[in-house]
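Asker: Sequence:
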Amino acid sequence: MSLTPKQIKMQGQMLSPFKFGLFKILKLPLAFLTGIKIKELTEVSAVTSVQYKYLNTNPFDSLYFAVLAMSAELSTGMLAIFSIAKYDQSIAVLVVESSGKFHKKAIGKIDFICEDGELFQAGIEKCVQESKSKLVKAKSKGFNQQNELVCEYEFTWSFKVRSI
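In our numbering, the protein residues as written are 1 to 164.
Take the hints with a grain of salt, since some may be wrong.
What the hints assert, rightly or not - With a Cα cut of at most 20 Å, we get these calculated EDC-like pairs of lysine to aspartate or glutamate: (1) Lys9 / Glu43; (2) Lys141 / Glu118; (3) Lys105 / Glu148; (4) Lys141 / Asp111.
To be verified - Okay, the calculated beta carbon distance ranges per label pair: (5) Pro5 / Lys104: 37 to 45 Å; (6) Ala122 / Leu94: 29 to 37 Å; (7) Asp88 / Gln145: 39 to 47 Å; (8) Glu130 / Glu97: 15 to 23 Å; (9) Asp88 / Ala66: 29 to 37 Å; (10) Leu55 / Ser98: 20 to 28 Å; (11) Gln145 / Gln89: 37 to 45 Å; (12) Thr156 / Ile25: 22 to 30 Å; (13) Val96 / Lys39: 37 to 45 Å; (14) Leu55 / Gln129: 22 to 30 Å.
Bear in mind the hints are in silico, worked out from the structure with no lab data behind them.
Beta carbons are placed, not taken as given, at the ideal position from N, Cα and C, and that holds for glycine.
I would like the entire structure built from these sequences, with the hints used as guidance.
Answerer: Below you can see the structure in the form of structure tokens.
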């Protein structure tokens, strides 16, 4: 599949450290403070990262679970928004459920990978065609620098075409 001009523009903005930094200051101030970054954004996958540091620590000398959740949510949310950008319709998007599992202590740099872009594309396509709200469950896995699975999150996103 080819990207639309709107998706190409969005991809450039989200992958630009300066432009995404400005976006975080204006729209996601806690993501700015915790240092969450977008490393990759394609039609099928998104990768975010967060580094252990003073502002996102917990009393157990690891990354606070909420910071991990923010980075994981961003990896799925960027795919959701990126998929919506393909359409001219105004589509509402909202997280309606989330869950997480933790496997290892989160220290150092954690990369979150979501490869559910095709699920978002199919769900949004049905949402637009049927003019009914649709739910999409997306998973994001967090890996440390040794490529060990640290945590897994699942987010359920709701999509609905707004009526004018």
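Asker: Does each hint hold? Answer for all of them.
Answerer: Against the structure, the hints come out as follows:
{"no.": "1", "hint": "Lys9 / Glu43", "result": "holds, 13 Å"}
{"no.": "2", "hint": "Lys141 / Glu118", "result": "holds, 17 Å"}
{"no.": "3", "hint": "Lys105 / Glu148", "result": "holds, 10 Å"}
{"no.": "4", "hint": "Lys141 / Asp111", "result": "holds, 8 Å"}
{"no.": "5", "hint": "Pro5 / Lys104: 37 to 45 Å", "result": "holds, 42 Å"}
{"no.": "6", "hint": "Ala122 / Leu94: 29 to 37 Å", "result": "violated, 18 Å"}
{"no.": "7", "hint": "Asp88 / Gln145: 39 to 47 Å", "result": "holds, 42 Å"}
{"no.": "8", "hint": "Glu130 / Glu97: 15 to 23 Å", "result": "holds, 21 Å"}
{"no.": "9", "hint": "Asp88 / Ala66: 29 to 37 Å", "result": "holds, 35 Å"}
{"no.": "10", "hint": "Leu55 / Ser98: 20 to 28 Å", "result": "holds, 22 Å"}
{"no.": "11", "hint": "Gln145 / Gln89: 37 to 45 Å", "result": "holds, 41 Å"}
{"no.": "12", "hint": "Thr156 / Ile25: 22 to 30 Å", "result": "holds, 28 Å"}
{"no.": "13", "hint": "Val96 / Lys39: 37 to 45 Å", "result": "violated, 27 Å"}
{"no.": "14", "hint": "Leu55 / Gln129: 22 to 30 Å", "result": "violated, 44 Å"}
Hint violations for this structure: numbers 6, 13 and 14, all remaining hints satisfied.
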